[in-house]
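Whole structure, please, built from the sequences with the hints as guidance.
Counting from 6, one number per residue, gives the positions in the sequence shown under the working numbering.
Since the hints were made in silico from the structure, they are not lab data.
Just so we're clear, the structure is a prediction, and the values are computed from it rather than from any experiment.
Idealized CB from N, CA, C, for every residue including glycine.
Each hint can be trusted.
List of simulated lysine to any residue pairs, SDA-like, C-alpha gap at most 25 angstroms:
no. : residue 1 : residue 2
1   : Lys-330   : Asn-468
2   : Lys-127   : Val-480
3   : Lys-391   : Asn-415
4   : Lys-505   : Val-463
5   : Lys-206   : Gln-301
6   : Lys-474   : Tyr-128
7   : Lys-294   : Tyr-342
8   : Lys-126   : Asp-265
9   : Lys-422   : Val-390
10  : Lys-475   : Met-133
11  : Lys-303   : Met-314
12  : Lys-411   : Arg-426
13  : Lys-349   : Gly-316
14  : Lys-455   : Trp-486
15  : Lys-505   : Glu-320
16  : Lys-213   : Glu-151
17  : Lys-188   : Glu-144
18  : Lys-206   : Asp-298
19  : Lys-294   : Ser-473
20  : Lys-422   : Val-405
21  : Lys-294   : Asn-477
22  : Lys-206   : Gln-149
Restraint ranges, calculated between C-beta atoms of paired labels, are given here:
no. : residue 1 : residue 2 : range
23  : Lys-281   : Asp-318   : 28 to 36 angstroms
24  : Lys-343   : Lys-458   : 36 to 44 angstroms
25  : Asn-248   : Asp-87    : 38 to 46 angstroms
26  : Pro-153   : Thr-479   : 35 to 43 angstroms
27  : Gln-304   : Ile-386   : 30 to 38 angstroms
28  : His-293   : Asn-499   : 30 to 38 angstroms
29  : Pro-153   : Gln-304   : 38 to 46 angstroms
30  : Ser-196   : Trp-490   : 21 to 29 angstroms
31  : Tyr-184   : Lys-123   : 36 to 44 angstroms
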Amino acid sequence: MKFGVIALLISYSVVAQQEKDTLGVDEKEVVETFVTYEDAIEEAEIAKIDSLWIENLYRASLSDSLFENLKPIEDDRFVNEDLPTDTLKYRLERLNEKTPFHIEYNIELERIIKSYLKYRKKYYPQMMARAEYYFPFFEEQLAQYEIPLEIKYLAIVESALKPRAKSRVGATGLWQFMYQTGKMFDLKVSSYVDERQDPVKSTKAACKYLEQLYHSFNDWDLALAAYNSGPGNVSKAIRRSGNRTNYWNIRPFLPKETADYLPAFYATMYIFEYAKEHQIYTEQPRIHKFEVDSIQVKQLLTFQQINDMVGTDIEMLEFLNPSYKLNIVPYVKGRNYKLALPLKDALAFVDNEDKVYEYATLQANEREKPLPQYFEMSQRISYRVKSGDYLGLIADRHGVYVRDLKKWNNLKSTNLKVGQRLTIYPKRLNYTVAKPQPVKKLTKVEVPKKGTKTYHTVVNGDNLWDISKKYNVTVTAVRSWNNLWGSNNLKLGNQLVIYKM
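Given below as structure tokens:
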């Protein structure tokens with residue numbers, strides 16, 4: 006037992022030293038405290054969790070381009086916003102009465118709230134519209150885990166309520182889980198699926214993690230700080246502050262981004278709770294949770310095939326099914342992959358289910374080659390290269406891929422000689438490896454360029470649907486003005502032309 010205690014102490018010391026070296030903290034800054042056996046157990050457990058954050062001590066969500074619109078401005082101490090200090094104090098007191106957080110007025114919090122109201126006000130109506138859809142998911146899980154419902158505002162600070170949001174260090178989803186942390190809370194990532202982007206599963210994981218953090222610190226403010234920078238950093242800040250446990254007292258000893266993190270959460274909570282008082286009103290939500298139903302798929306389907314057969318917009322499919330990375334709903338025996346659809350489309354899918362799968366199978370058969378091992382030797386053919394032949398032409402003629410022609414004939418290049426013999430296994434519709442790809446191409450529609458010309462800079466998480474709604478135009482119009490017919494993909498930093506009436 007004594008050896009076990011020593012091992013725990015050494016283990017924690019190594020992790021703490023690694024963190025100290027990473028942060029560049031001078032040893033003299035650390036307040037030395039006596040560590041008991043019970044403390045060692047608790048510290049070792051914290052260190053175990055915190056070790057997942059060593060490579061990237063904190064995720065710096067607020068520093069990413071995605072959150073530039075929410076980041077408080079450093080030099081705006083004297084913001085002239087129509088919010089008297091006495092009014093703000095009164096409203097913060099009312100918030101404090103109904104939450105377990107320690108929401109107290111201070112000059113720094115006032116500065117951040119007024120900064121958001123003056124410079125970021127235009128972004129809130131769109132986020133409030135997304136909140137109409139996501140908050141019911143959050144509240145259901147938070148209530149189940151007996152976590153304060155106000156934690157739902159944390160997802161706004163983390164991701165601006167964009168489930169496919171990614172930080173520059175790889176944190177992903179509404180709750181911005183790093184890969185290893187997500188794995189610890191059973192969020193699976195594969196070639197097709199990233200459950201960190203799943204609204205329900207990622208919220209459950211966030212609840213479990215926040216529950217652990219709260220039990221470690223017995224304080225929700227500190228739990229949120231630990232969610233951002235890791236429990237080890239919060240524990241060190243407590244020691245460096247002389248064992249104080251109020252967030253505002255340990256704030257000077259936290260990493261800078263974590264020092265801004267809780268005030269950003271408070272400011273966001275305040276603005277959502279007092280939106281009407283500041284003439285902030287939500288945009289029309291794209292869809293509500295009660296207007297959506299889920300279907301368990303029976304074979305692999307692409308979003309394009311669903312669009313072809315049921316009519317659901319690709320952008321809507323992406324919004325309702327953000328965890329499918331390639332816009333493909335996979336089918337794996339023993340796994341429960343579901344497709345979320347608007348109610349009317351879900352009914353249409355069920356009514357035409359056989360036709361949907363038949364269409365998907367037909368596309369798979371048309372696009373995929375038979376593998377040579379499925380053929381008798383007599384079913385292969387020997388083709389003699391003629392003048393004017395090239396691999397692409399021969400492949401098209403026999404319904405196979407160029408890469409397969411090269412493999413079957415051990416070709417190192419695409420060069421052919423007249424008279425050369427090629428072995429070919431012609432396509433058979435009965436033998437396929439079903440991995441369908443989208444085949445439907447968008448029909449080009451020219452939309453007149455009328456109105457005031459403006460520009461939209463693409464940021465992380467943008468999609469054509471959100472952009473079109475922001476400027477009250479159609480997706481087709483945005484495609485037409487910017488020649489975006491080949492793909493739904495948008496490149497960060499690109500400027501899109503928009504004509505506003």
